[in-house]
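Residue numbers (my numbering), protein chains in the order written: chain H, 2 to 409; chain Z, 3 to 452.
It should be emphasised that the hints constitute simulated quantities derived from the structure, not laboratory data.
Even for Gly, the Cβ is constructed at its ideal location relative to N, Cα and C.
Just so you know, not all the hints are guaranteed correct.
Stated by the list, open to error - Here are a few chain Z residues that face chain H, going by a calculated C-beta distance under 7 Å: (1) Gly53; (2) Leu309; (3) Gly333; (4) Asp334; (5) Ser350; (6) Phe379; (7) Gln397; (8) Lys400; (9) Gln434; (10) Lys438.
What the hints assert, rightly or not - Chain H regions said to be covered by chain Z (calculated; three or more residues, Cβ under 8 Å): (11) 49-56; (12) 269-277.
What the hints assert, rightly or not - Sample of chain Z residues with no beta-carbon within 12 Å of chain H, all distances over it, derived: (13) Asn261; (14) Gln313; (15) Lys343; (16) Lys405; (17) Arg441.
Spelled out, the chains give:
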Amino acid sequence: MGLKQKLHTLKEKYKGKKIAPAFNALHTFLFTPNDTTHGGTHIKAADDLKRTMNTVILALLPCLVFGIFNAGYQYHLATHEISAASSGFFSSEFWNWANFAVGAWKVIPLVLVSYGVGLAIEFVFAVIKKHEVEEGYLVTGMLVPLIVPVDIPLWMLAVAVAFGVIIGKEVFGGTGMNILNPALTIRAFLFFAYPTWMSGDKVWVHGAVERANELAAGMKVDAISGETILGSLAQNKALSYDTMDMFLGFIPGSVGETSTILILLGGLFLIFSKIGSWRIMVSAVLGALTMGFIFNNVVDAGWISEGSKFFGLMSLEFWKHLIIGGLAFGIVYMATDPVTASQTNKGKVIYGFLIGLISVLIRVFNPAYPEGVMLAILLMNVFAPTIDHYVVQGNINRRMKRLKVKNT
Amino acid sequence: MSKDIKIRKGLNIHLKGEAAKTLSKAPRSRTFAIRPKDFHLITPKMVVKEGAKVLAGDVLFYSKNHEAIKFVAPVSGTLTRIERGAKRVITELLIEADIQDSYKDYGVLKPDTADAKTIKDLLLNAGCWPFVKQRPYDVIANPESTPSNIFISGLSTAPLAADLDFALSGKEAELQAAVSALSKLTEGSVHIGVAKKGNSPFRNLQHCQIHEVSGPHPAGNVGTQIAKIAPVNKGDVVWTLAAQDLVIIGELLLTGKFNAERIVALAGASVKSPKYYTTKIGAEVATFVYDSGLSDDHSRIISGDVLTGTQINPKGHLGYYANTVCAIHEGDDYEFFGWSKPVFKKISTTRALTFSWLTPNKAFDLDTNTNGEHRAFVVTGNYEEVFPLDIYPMQILKACMVKDLDQMEALGMYEVAPEDFSLTEFVCVSKQPHQKIIRDGLDLMYKEIG
Chain H
2 MGLKQKLHTL KEKYKGKKIA PAFNALHTFL FTPNDTTHGG THIKAADDLK RTMNTVILAL
62 LPCLVFGIFN AGYQYHLATH EISAASSGFF SSEFWNWANF AVGAWKVIPL VLVSYGVGLA
122 IEFVFAVIKK HEVEEGYLVT GMLVPLIVPV DIPLWMLAVA VAFGVIIGKE VFGGTGMNIL
182 NPALTIRAFL FFAYPTWMSG DKVWVHGAVE RANELAAGMK VDAISGETIL GSLAQNKALS
242 YDTMDMFLGF IPGSVGETST ILILLGGLFL IFSKIGSWRI MVSAVLGALT MGFIFNNVVD
302 AGWISEGSKF FGLMSLEFWK HLIIGGLAFG IVYMATDPVT ASQTNKGKVI YGFLIGLISV
362 LIRVFNPAYP EGVMLAILLM NVFAPTIDHY VVQGNINRRM KRLKVKNT
Chain Z
3 MSKDIKIRKG LNIHLKGEAA KTLSKAPRSR TFAIRPKDFH LITPKMVVKE GAKVLAGDVL
63 FYSKNHEAIK FVAPVSGTLT RIERGAKRVI TELLIEADIQ DSYKDYGVLK PDTADAKTIK
123 DLLLNAGCWP FVKQRPYDVI ANPESTPSNI FISGLSTAPL AADLDFALSG KEAELQAAVS
183 ALSKLTEGSV HIGVAKKGNS PFRNLQHCQI HEVSGPHPAG NVGTQIAKIA PVNKGDVVWT
243 LAAQDLVIIG ELLLTGKFNA ERIVALAGAS VKSPKYYTTK IGAEVATFVY DSGLSDDHSR
303 IISGDVLTGT QINPKGHLGY YANTVCAIHE GDDYEFFGWS KPVFKKISTT RALTFSWLTP
363 NKAFDLDTNT NGEHRAFVVT GNYEEVFPLD IYPMQILKAC MVKDLDQMEA LGMYEVAPED
423 FSLTEFVCVS KQPHQKIIRD GLDLMYKEIG
């Protein structure tokens, strides 16, 4: 008896029992079910939600791999064990086993905790509510480790994931029903619950916090700066990184957000596969550029002095906003979440544009927490239904007008 | 004034087993069946009793709510059985056919000179009224209403559906008679959509407006054509007829007989030699399915096309409105890592490791597997790609699901029929039953507002 037949027998055995959703989740992971169509169309297209989610994960994998190497690279760079990458994207200073070992040691546990806690909660809810385990968390679970600082304690991540999945998603009814992007809910929870861990200049490079504690204890070691570019710009420090490094991603930051080029490739893949909305991505980029351009002009017009606390970020060339911080990552992977984004095509354009606009706005005017894209997306998540309402209302009004024309 | 229709949004689904353009005569069926379920929302009131002899065209039953709407026997024979289901609802009437049909004579009627009332009475009495459907609600038309327009689609774009140019060729006289008669029943006109290319028998008809239609499926759905020619407003009623049924109406007018003869396409990947058959409404499909042969015993027989048809038993009977019978493989098997591995043998509108976009003209062999499980709505924007109406498909489906009558009306429920949502159902990543949701929504509106 083959595996297929054995599992089928088990499925029949568990049918109607409490354990069924949990078993089916594992079963359908191995085998696409033998369900056939009833009523309605007799044939169906090849895509299901698992395939859709899987495509997003595929698009995220390069960011994860890069993030692992970068975690090690930033650590070794800060401890002066290696020199900066010098020969472009494929520099041997970056892609080596030492970097991978340190990075994997830090990043893989994040992935495991994220999936472990999140999926466990999903299974429990599926069993309690007697529905199938839905696939939404597959993507969320991959996003979460990529948008947190590398040194975040695992218990903190576990608490945040539990909060995000239960309050952010399950209370609304699970995948497809949530209002806020679950991954960003998790990150927002971390940010507001443990602000010292999620901001400041110590958390973005592995070892920086530890080293600071050792220094405070009186040990004679060099300090490690774990500052992000946004953090230093917000303090009006000069930009210390090369543009190419920022584009390629050899900079400190959340685990998976740094490499703009890989994010760009991931975005193109999502657009090509028609899984990600090009409308949201393109309009968000335009929104960010627009806001950056406005700020550049404010600086050029001399309305703001060099002493102003907004000067550093306002004077940053407008297009550079896209290659620093989490803006690109947020636009490609988070803003495009179909459940929490606008659902109409026109709405998506407005929604995306405002995300770009507000991200840069928050960056510039909120130096305490210079990463604006998280808050911008969460804010627009809340407004997405409103945008859709007015777009759909346009359609309704057109229909009413047609009726009026006919009746006069 | 005719308006040509060109649509861009949609999807042509090419399937294996398209019917070859050869016509055979199906062996005479021993029994014929009428299923009242084919007539949505009609409660039958029997006129004849079990065991009675009937002529082709004799009234079998009428609608309880509209006594004028009568349903007649497609052949002459003996009504052998009235099958009843739960709550004694009539599920099937079985007629054992005579060897040769004898017809009830309704008298010849010249549509050019007859007035509207005479035509309407004839259609009602001779059992042709069930061919006339109305929107809103996609049900058999209320004979007391006057439609603002009548729409007929003269082309079919659905996968494996019968090619109307072929199936109706040579029937110009009947079509003309039917169209002339129908043109008397509307205050507007009879609009007929024909394929831009091809030799449609409708092209040179009088008393109607011909519209050239081009684009992918659902260009051939009458709902798409209505939306582009004159969309249904609140308070409007339009009638729709299927092209093949016009032949029966035309023959009634010209000869006085209700001749239920129909050319049916037998198609699908399981059919050994897919082609066209001449048969009659309600005939056993086995008469021609086994004539052509099935290559796979584990097949599903569908009365109608693969997107909108009804599954029937291999020993079952042709549906009242069907002009296509399909046989496709049942897909009740598991597929190892079916959700993650690259897919070459199935159709998809995305490119998520699915490769049907490389070969848009290749014919696929799709089975009845759902390719995934039922989920809540998640993905957005993919319905719009295949949905040419100026309606928000996901929003109207959700309005139906929560039974929000005001919103359903505002979003355009009066304009749609379940078949308009067959393509969105096909591409739905969450495997939601769109046509059923819309049907239930329409039924609710009919009950509450209609």
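So, going through the hints one by one against the coordinates:
1. Because the closest C-beta pair between glycine 53 (chain Z) and chain H is about 34 Å apart, greater than 7 Å, the hint is violated.
2. Hint status for leucine 309 (chain Z) relative to chain H: holds, with the closest Cβ pair at about 5 Å, below 7 Å.
3. Annotation: interface hint on glycine 333 (chain Z) holds; nearest CB of chain H at approximately 6 Å, less than 7 Å.
4. The interface hint given for aspartate 334 (chain Z) is met, as the beta carbon of that residue sits about 5 Å from the closest beta carbon of chain H, less than 7 Å.
5. Annotation: serine 350 (chain Z) was flagged as interfacial toward chain H, and the flag holds, the nearest CB pair being 4 Å apart, inside 7 Å.
6. Annotation: phenylalanine 379 (chain Z) was flagged as interfacial toward chain H, and the flag holds, the nearest CB pair being 6 Å apart, inside 7 Å.
7. Because the beta carbon of glutamine 397 (chain Z) sits about 6 Å from the nearest beta carbon in chain H, less than 7 Å, this interface hint is met.
8. Checking lysine 400 (chain Z) against chain H by beta carbon gives a least distance of about 10 Å; that is not within 7 Å, so the hint is violated.
9. Against a cut-off of 7 Å between C-beta atoms, the interface hint on glutamine 434 (chain Z) is violated, since the closest Cβ of chain H lies about 9 Å away.
10. Restraint check, lysine 438 (chain Z) versus chain H: the minimum CB separation of about 6 Å is within 7 Å; hint holds.
11. Judged by the Cβ-Cβ criterion of 8 Å, the segment 49-56 of chain H is covered by chain Z as claimed, because 7 of its residues qualify and three suffice.
12. Check on the segment 269-277 of chain H: 4 of its residues sit with their Cβ under 8 Å from a Cβ of chain Z, so the three-residue criterion for coverage holds.
13. The beta carbon of asparagine 261 (chain Z) sits about 30 Å from the closest Cβ of chain H, which is more than 12 Å, so the claim that it is off the interface holds.
14. A cut-off of 12 Å between C-beta atoms contradicts the statement that glutamine 313 (chain Z) is not in contact with chain H; the least separation is 7 Å.
15. A beta-carbon of chain H is positioned within 12 Å of the beta-carbon of lysine 343 (chain Z); the least distance is around 10 Å.
16. The non-interface label for lysine 405 (chain Z) is consistent with chain H: the shortest C-beta to C-beta separation is roughly 18 Å, beyond 12 Å.
17. The claim that arginine 441 (chain Z) is not at the interface with chain H is violated, since a C-beta of that chain comes within 12 Å of its own (minimum 9 Å).
Consistency note: the structure conflicts with the earlier hints numbered 1, 8, 9, 14, 15, 17.
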